[in-house]
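A.B. asks: Here is how the chains run, residue by residue.
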Amino acid sequence: MDIRSQIAMVFHLDKCIGCHTCSIACKNIWTDRKGAEYMWWNNVETKPGTGYPSKWEDQDIYKGGWEKKGKTIRLKGAGKFKGLKNMFHNPNMPVLEDYYEPWTYQYEHLFEAEEGDDQPVARPVSLITGEPITPKAGPNWDDDLGGSQEYARKDVNARNLSAAEQEAMFQLERMSFHYLPRICNHCLNPACVAACPSGAIYKRGEDGIVLINQKKCRAWRMCVTACPYKKSYFNWNTGKSEKCLLCYPRVESGQAPACMHSCVGRIRYLGVLLYDADKIEAVASCAEHDLVEKHLDIYLDPNDPAVIKAARANGVADSTITSAQNSPVYKFVKKWGLALPLHPEFRTLPNLFYVPPLLPTMAFVENGSYETTSESFWGAIEKSRLPMKYLANLFSAGNEKTIETVLKKLMAVRLHRRNVTVGDLPEDEVNGPMNEVMMDKDTADAIFRLTSLPLFDDRFVIPAAHREEAMEMLESTADVKGNTGFGFKEPPKRGL
Amino acid sequence: MFNNFFFIGLPYAALTVLLVGSVFRYYRLGFKVSSLSSQFLEGRELFYGSRPFHWGVIFLFFGHATAFLIPRAVILWDRVPLRLIILEVTALGFAFSALFGLLMLIQRRFKNKRLWAVTTKMDVFVYIMLLTQIISGIWVAWFAHWGSAWFATSLTPYLRSLFTFTPDVAIMAQMPLSVQIHVVSAFVFIGMIPFTRFIHFLVYPFAYITRNYQVVIWNWDRKKIRTSGKLVNGVRSKNN
Ligand code: SF4
Ligand code: SF4
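Top to bottom, those sequences are chains Y and B.
Position 368 (the first sequence) corresponds to 368 in this note's numbering; numbering is contiguous.
Position 5 (the second sequence) corresponds to 5 in this note's numbering; numbering is contiguous.
Bear in mind the hints are in silico, worked out from the structure with no lab data behind them.
Backbone N, C-alpha and C define an ideal beta-carbon position, used for all residues, glycine too.
You may find that some hints are simply not true.
Below are the EDC-like pairs computed for lysine to aspartate or glutamate, each with C-alpha atoms no more than 16 Å apart in a straight line [stated by the list, open to error]:
1) Lys294(Y) with Asp304(Y)
2) Lys441(Y) with Asp428(Y)
3) Lys111(B) with Glu131(Y)
4) Lys111(B) with Asp123(B)
5) Lys113(B) with Glu97(Y)
6) Lys279(Y) with Asp290(Y)
7) Lys113(B) with Glu131(Y)
8) Lys69(Y) with Glu281(Y)
9) Lys334(Y) with Glu345(Y)
If the Cβ cut is set under 10 Å, some of the chain Y residues that face chain B in the computed set are [unchecked claim]:
10) Leu75
11) Phe177
12) Tyr202
13) Lys203
14) Thr238
15) Gly398
16) Thr451
17) Leu455
18) Glu472
Just chain Y, same shape as in the assembly (with noise of 0.2 Å):
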């Protein structure tokens, strides 16, 4: 056993109002300069849509991620072999037209035009030429199903569907969206990292971020076509990969990360996981319906005395333990079992857990309008207006009962609240789900409270970074005892 710590993460999605506050918050901290104009390291796209950038989930066209090869697993686009052959010319990049071409406004025109007839405007200019552009494409050129003949019909996810399934999920009555807010997953066994020639991204192992070494990054690119989430962006200016690097100087003194503390939704939860890091190959390589099951399993009880001794014996500080045993993200992904992997097959093994959509299933139409009774509104989440089949290509690699479980759960902790805020609901008509998905009063009371009521130390448990302990790697304290203050490290001997 191999025990370390990672920092993860889970987005509740019935609670996202898709205000793009997060992607603001980032991008006034990290990526509002030249290059990465372009860069959302976090993003928030809607579901049935291409997403950033454009049909990122098409890993034919990408060919991101891992995939199974034999009873291991194999890089699908880089690799050594690929990755050195292809670096003069990558054939499965995306390039800027599968982003868009950032662009800004002349503003000062406005006040500097000559006095003519006509009103000044100001036109938009490309951020990288400076000549003026019609933007015809943007980060989220398709919120709330924009375009939707052109977006939403192309989305991945929908590709196995039936025709008339298809043809049911498009109508005008009954489309329904989702938000869908992503950042990089922090994986457990990153493809980036993996695909890089240089070795300059790497996971840190206290807290698992992954990060790109910015001196050692030599522009081979490979980590932008590896990662299948598409979270490695390149910088044009800079020459060099960037990638959401989970505010570390945050996380480091105990705050939240941006987008997380700016969330409006507050959907957002960040927390420790333990996982047993000797299980990662034998876990990203198992079959495909076994995978959602298995990545779980690699998570480990940080109240088991077994695990908390091999922990510390693994060098894992008490205060990281500690905050493992209060992690939101432990009860929504293990405890409850209501937080899912976005794409478990691209077998990164992602850190960070969403908590499906359970709105846009809820409704349903019958005879041309919505079915508002109770008894039906509440009612079957193999009816809903959303397939099933779709948000199992999101979550559960295809795992249709994965999904159905956990959608159920939900709605069994909404009919047990209505029970006790209304209390209009015949009492078999909630304690059926209830008992169906084997959850008790208690159990449901806790959901409601993390799910709607929790503070902010609810919301993010961090641990210490321990930054002080750093130190001891490079040196022995003991030696530069009696030191002078800053900036150098020299023994206080006097002068020849």
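Assemble chain B with the ligands onto chain Y, guided by the hints.
C.D. replies: Below, chain B with the ligands without anything else, positioned relative to chain Y:
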């Protein structure tokens, strides 16, 4: 006089600059060591430029290196005329491939407005350098054939003489103009490596071939904590 400048002064200056400059740039300006790929801004035409150019140049580089390092083997190979012809034709093929790629790259860069945003003066210089080098090389191959044979007997001794600090200009002085240009421009090229994007070929990621796929770095690792230099009587001094 000129000969001394071009064939003694220049080579030594270039090699010194290469050594000092690259080490300095790598360690002090690490952020600036990059291949500066522009595929992100234009990905389609790059294919027709970058691939033929790089594969061509790589073959030629190793060809020259072989003739310099193991001239005897090359001479032995060349004994059979057919083998000599095969070698010459292949080399010329790669030279044309490099030239074609380079021309594609140049036209791509000038045609494409977006690429202007990432083009520096040094990039223009790099193009001129490469054109001179490849064209003069093809000129040599065309008008002074069987280079693989005479390289080993004339240029190798000259280059050896440089490395043994007994520079022998006489050999170079007798060479045709084409060869002289090719050699001079090669040394200018070498000297400019630290100041241009050429630096990227010094950081080719060989280490990738043998390293583990996953890289994990610890800020704090119990097993790696240093022990005190002031160890007394085998007692391990603790850090805190
Ligand atoms: S999401 Fe992509 S960039 Fe982030 S760790 Fe995973 S593979 Fe790497
Ligand atoms: S800030 Fe929160 S609620 Fe708003 S879009 Fe981002 S994740 Fe959704």
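A.B. asks: Would you mind marking each hint as holding or not holding in the structure?
C.D. replies: Hints and how they fare:
1. Lys294(Y) with Asp304(Y): violated (19 Å)
2. Lys441(Y) with Asp428(Y): holds (14 Å)
3. Lys111(B) with Glu131(Y): holds (15 Å)
4. Lys111(B) with Asp123(B): holds (15 Å)
5. Lys113(B) with Glu97(Y): It holds: about 15 Å lies between the C-alpha atoms, which stays within 16 Å.
6. Lys279(Y) with Asp290(Y): holds (14 Å)
7. Lys113(B) with Glu131(Y): holds (9 Å)
8. Lys69(Y) with Glu281(Y): It holds: about 12 Å lies between the C-alpha atoms, which stays within 16 Å.
9. Lys334(Y) with Glu345(Y): Judged against 16 Å, a Cα distance of about 20 Å means the pair is violated.
10. Leu75: holds (8 Å)
11. Phe177: violated (30 Å)
12. Tyr202: Holds, about 4 Å.
13. Lys203: holds (5 Å)
14. Thr238: At about 8 Å, which falls below the 10 Å cut-off, the nearest Cβ of chain B leaves the hint on Thr238(Y) intact, so it holds.
15. Gly398: violated (27 Å)
16. Thr451: The hint is violated - Thr451(Y) has no Cβ within 10 Å of chain B, the shortest such distance being about 34 Å.
17. Leu455: Constraint on Leu455(Y) not satisfied, violated at 30 Å.
18. Glu472: The hint holds - Glu472(Y) has a Cβ within 10 Å of chain B, the shortest such distance being about 5 Å.
When each numbered hint is compared with the structure, violations occur for hints 1, 9, 11, 15, 16, 17.
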